[in-house]
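Protein chains in written order, with my numbering: chain A, 1 to 389; chain B, 390 to 778; chain C, 779 to 1167; chain D, 1168 to 1556.
These aren't lab readings, by the way, just hints derived from the structure by calculation.
Do not rely on the hints blindly, as some may be mistaken.
[What the hints assert, rightly or not] Straight-line alpha carbon distances no greater than 27 Å define the calculated BS3-like cross-link-like pairs of lysine-lysine that follow: (1) B:Lys620 with D:Lys1313; (2) A:Lys57 with C:Lys782; (3) B:Lys672 with C:Lys1009; (4) C:Lys835 with C:Lys1009; (5) D:Lys1387 with A:Lys283; (6) A:Lys231 with C:Lys924.
Protein chains: 4
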Amino acid sequence: MKAKKPIRVGMVGYRLMGRAHSHAYRDYPFYFDTEMIPQLQGIAGRNEAEVRAAADKMGWASYETDWHRLLERDDIDLIDIVTPNDTHAEIAIAAAEAGKHVLCEKPLALSLPQAEQMLEAVNKAGVTHMICYNYRFSPAVQWAKKLIDEGRLGRIYHIRATFLQDWLMDPDFPLTWRLQKKISGGGTLGDLGAHLIDLARFLVGEFQEVTGMMETFIKKRPLGTMTDNLKGRAVSDQWGEVTVDDATLFLARFHNGALGTFESSRFSRGNRAGNRFEINGEKGSLRWDMENLNNLQVYLHEDEPGLQGFRTINCTEEEHPYAGVYWPAGHIIGYEHTFINLVSQMMDGIAAGYNPQPNFEDGVKNQAVLAAVEESVQTRSWVHVSSFQ
Amino acid sequence: MKAKKPIRVGMVGYRLMGRAHSHAYRDYPFYFDTEMIPQLQGIAGRNEAEVRAAADKMGWASYETDWHRLLERDDIDLIDIVTPNDTHAEIAIAAAEAGKHVLCEKPLALSLPQAEQMLEAVNKAGVTHMICYNYRFSPAVQWAKKLIDEGRLGRIYHIRATFLQDWLMDPDFPLTWRLQKKISGGGTLGDLGAHLIDLARFLVGEFQEVTGMMETFIKKRPLGTMTDNLKGRAVSDQWGEVTVDDATLFLARFHNGALGTFESSRFSRGNRAGNRFEINGEKGSLRWDMENLNNLQVYLHEDEPGLQGFRTINCTEEEHPYAGVYWPAGHIIGYEHTFINLVSQMMDGIAAGYNPQPNFEDGVKNQAVLAAVEESVQTRSWVHVSSFQ
Amino acid sequence: MKAKKPIRVGMVGYRLMGRAHSHAYRDYPFYFDTEMIPQLQGIAGRNEAEVRAAADKMGWASYETDWHRLLERDDIDLIDIVTPNDTHAEIAIAAAEAGKHVLCEKPLALSLPQAEQMLEAVNKAGVTHMICYNYRFSPAVQWAKKLIDEGRLGRIYHIRATFLQDWLMDPDFPLTWRLQKKISGGGTLGDLGAHLIDLARFLVGEFQEVTGMMETFIKKRPLGTMTDNLKGRAVSDQWGEVTVDDATLFLARFHNGALGTFESSRFSRGNRAGNRFEINGEKGSLRWDMENLNNLQVYLHEDEPGLQGFRTINCTEEEHPYAGVYWPAGHIIGYEHTFINLVSQMMDGIAAGYNPQPNFEDGVKNQAVLAAVEESVQTRSWVHVSSFQ
Amino acid sequence: MKAKKPIRVGMVGYRLMGRAHSHAYRDYPFYFDTEMIPQLQGIAGRNEAEVRAAADKMGWASYETDWHRLLERDDIDLIDIVTPNDTHAEIAIAAAEAGKHVLCEKPLALSLPQAEQMLEAVNKAGVTHMICYNYRFSPAVQWAKKLIDEGRLGRIYHIRATFLQDWLMDPDFPLTWRLQKKISGGGTLGDLGAHLIDLARFLVGEFQEVTGMMETFIKKRPLGTMTDNLKGRAVSDQWGEVTVDDATLFLARFHNGALGTFESSRFSRGNRAGNRFEINGEKGSLRWDMENLNNLQVYLHEDEPGLQGFRTINCTEEEHPYAGVYWPAGHIIGYEHTFINLVSQMMDGIAAGYNPQPNFEDGVKNQAVLAAVEESVQTRSWVHVSSFQ
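All chains should be modelled from the sequences, with the hints used to inform the complete structure.
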């Protein structure tokens, strides 16, 4: 048993991602053999009743109605940002300037220049930073990474990835912040496509060029607000314009020669969380599906003829990254564990004074791909990602 | 191209199995590089209008309304028996005595003694004989057999097998011949369970002892007749007693120490043809499902830790038995191909003068297990299969 | 936000199940909107170094090296028993007599009479009691229960259930407590089969009669001890006799006329946690698999012809029991959540003064089935479960 | 039983597709209740030894070493073209001018203008014509079409389709005709992508605009020839340039507003015949996979909350198009049956004097999409398909 060292956390925001992060801080020391003990020191939100209730419910020791107050406090080491996307930059830069470590939800910013400012700020401050691309931290995805890094797939030829949902298909679903470009910075591309881009960067490599298309299937919606769990609530009988995409599709070429198709959509019936990829390499292939996130399908060409086929691997064995800290083989884990694993990286980074991946640099590179896709949609042509970096 | 040699076939019966067999004779020389060319010489049936139409439809050169006539003809080498079970023995024995090769549908007979007489008859006559346990001839099942024979699974510990259907669940489904013990010899046990017993004997080995239970969920049905494709038609408004089982379940111990559970049922909603097994051995496991009969699931313990999982093998590769004569890898075959493959064995047997498996000896051994299960149900205890042999 | 009320827990034992329970107490108030807040007051274990480390790691406020001490403490309301099976009865009876609520791991006892004494004790003391058949609390299983209770499946004809593992297949795996009948009370039957019996009782109804078979494939093993996560460690070079079953199979008839096959095995390669069932009813069928525990397969005969098929339902929607407290649809939960849900029932029971199910009465009925199966194995015949109650 | 009417077929070519077509002609009258009886009158090929052997093996009554001879014969009603793509136009136009009905393998031609000439020729001659996009004729795909036409999916938002193979990944695989643009007209796009385009046109509607990318991963290969079943054989130690694509990916917008991603590749390990699609509509979704072609996955939003999920429908029921002529429910069919079903359409068309779909008009429209994709790859921009029609 190592000696315990508290890491005092302040979190700005408290909705769906706030719950996922709060839970991860609480659960992390139970599972991991660590000296770093996150302390749920305080959260910030504008609505006092709501923020107080959230603090109470999720176990935070205090709350603030102005996030600047959290940054001023000496008893906070790490600022966690789970607010709508238009506020990430301001908070992250201020936090870095206040000398706090920073964990920020994705996408990093509303634009590439904004993202670059954020990276500059954390670098200048020398604080530890991460961005919350949590799906990397599924044991199955980590195992995929390891297999690829070991050369088990050889040269990568293809990735095809989708993130499909269907919660937005009802025309009466209200115009929440996620559907307003000035707040969210984008629709499915920034929300779902950004995850796909991160998985592709993690597993395949850097993007070279892209060309895409976007569509907003339902163009006007009743004004409203978002509640937890991807639910919304109309707040008036007025209607507003949807300023983000309902679906974005794009093709990509990677620097290593791999080809990719990417598709993010909130209009795909029957897909609640259809975050899936298939990767084909010279020597093998991989398939993963978030709705069944413990499993990795692995095809190895080296298998004997007649015995070649995709193996369904329940990544709950001791060999699988992170799986050993949880339960015996075959006893699955869930969505929330991706956050616990990510928090373990953040804690290790703070403890050892380095930046685990994915961090703000990954956030910037991701944002460059997002920007290139948007540019390609507008110009109806291929766009080099490098032109954004 | 080998020189062609005709094998002149006469078939008694012409319903569902008659179709499957007729098709197999026709299709066999297209796919297989063979000199043996089955000639569809004649079929027999009591209803002249129906048998004439069947002959015409399925391409038989002639028909008879009395099956004895087929046996008397010099232009017939092989008698194929696809009649209800109560007539198998009489026809098969007569055919053997007439010097015809015999292919008989399963189960071989209504009872073990009857089956033994049939075996004696074909042995005495020195004709080639087979019994139509067709599922052995799925490439995936043949591949399973090969893996087991090569020791890839090591010692076998378990088999669990089911054959589940749901076509009989409507209480208005009529009392066809399959539901009358005096004609069928049994219900799901003889019809479906017999297939499971054959697969278990093929893949695991001989049965040592069994104990079972039976149930007839719906005990009276309207009188009626069976049409093709497991459909029935009421022929009157009278009702009769169902004298066979709707479901039979049994446990088994094999001579090699393996344990088995077996279940045949026509009351399993959603299972149209749920003929499935899982076999567990010291070094690996196998899973198969007839509704997806091209696939074999293979688990090999020798796989690296972390990469262990059931492989889904589409058994359409050249390595897979029989698959090479059909289509390229990934291009699946269907139910009817199990019969074509079986016919190829029968033709090879006739050509080379030996009895391929499964033959009447397998039919007898299968019948001994059926008899032991029935006995165990009546005595509510374990019954040694050897006491029936 | 309801007012908080602490429930002070003492736990005897701290290995695999101790971890699962400890975590559930910690996590429960985060997810559930509850006033009941479990306090991890103290744990007991004989090895001081180990129990201290466990208390520290899992967040328990204190520890004892003698479990009697926990029972004597005024600051403990609930005793949780996660010790080997031979100690359940003594601890549970003492805890009840001390006026503590009791949550006990399964199986309840080493024998039916012992189980009955335990039930009598908790009834006499008037404390709240539960037994930890946790798989009932998967949202998918709860949903299955609801569908059956609503009559969506109609009359139940069949259940076939397996709990298959493969962690014991290495002949060098040591002779841990689970493999010694005097401590564990039984092998796969009590460990795995008991879960199947509970699921069958929950979903189908009470058992009427059973007949079974048992096998110990590897009869001698090196002496050793169990560590966490189903791993063992040899403690000497001596060998001892395995006194429990490696596999138990049984057939069953239920009071409502349903038929069942049950199989528990630790010798089924590739099955890490193959806890699966299929239930067939007059109007529909269900399938579930613990290795993918969020999904329920549902077949409804009322579906239009041509559109009938098993639906894969990811039971993460608000409609699914317990799922609403966790994450948005499609965001899966894991093994540990079955315990959190069970704890929520225990807390509700204590709060409202009733015994949630499954409780000690279920433990007794389960033990009666276990006893009947064992008796049937010895007598090689069918045994009425009622003769044990 | 209808009166029989022979349709006398002449076939040019005899390799893989020749086998599939020959078998379909032979098998069609066995399954379908039809008066049209295809007569396998003669085949043509340049290599006399090979064509003679093929005729003998597949049951053709005669052979020619010059395809013009087949067209001159009075005893032939229908010309079936299964030659490499560069010869389709010449043969089809000559056949039409000779007054023969024409069935042509896909893609129709090497270019859109050539395809248009072919359509003009058959229209002018007034003969019946079809193009062999056989996957339409899987019962599951036909069922998908029916569900869409009935409005069960509502407005279509998305299609994503792939046809993935891996037989070309070995760098030593020779430079067969399929890899030479002057003969094949294209690589994966024309071979595999054309099938996807046909399925999309059939199920979703007409393409409006596309943008794509192509890649040839292995640019030089040993000279060689193709044998059956996608195997090749080197014929010298010389190397030649691969002039077709190994993979083509494209995005599409349909006239009805649907969006699509399409991907054809011969470099996708583990995918033997990965012809798959998912279609998402306002009210439901569909999934299909050729490697398991009997199954259609159907999601219907109208299903009750909590019971929504993809249904796995084994399309072998009487309700499913074409399935009724084969076997009982659950007894699957294979790849070859798509050709038998297509032949049934061709025969019906000839009998009734109309052009079934897909015909040369579909061939032209398909070619227009192929041409637009190629143009988009060269111009690196979106291309309107209408500009090619």
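Here's how the hints hold up against the structure:
no., hint, result
1, B:Lys620 with D:Lys1313, "25 Å, holds"
2, A:Lys57 with C:Lys782, "11 Å, holds"
3, B:Lys672 with C:Lys1009, "19 Å, holds"
4, C:Lys835 with C:Lys1009, "20 Å, holds"
5, D:Lys1387 with A:Lys283, "20 Å, holds"
6, A:Lys231 with C:Lys924, "25 Å, holds"
Comparing the model with each numbered hint stated earlier shows that all of them hold.
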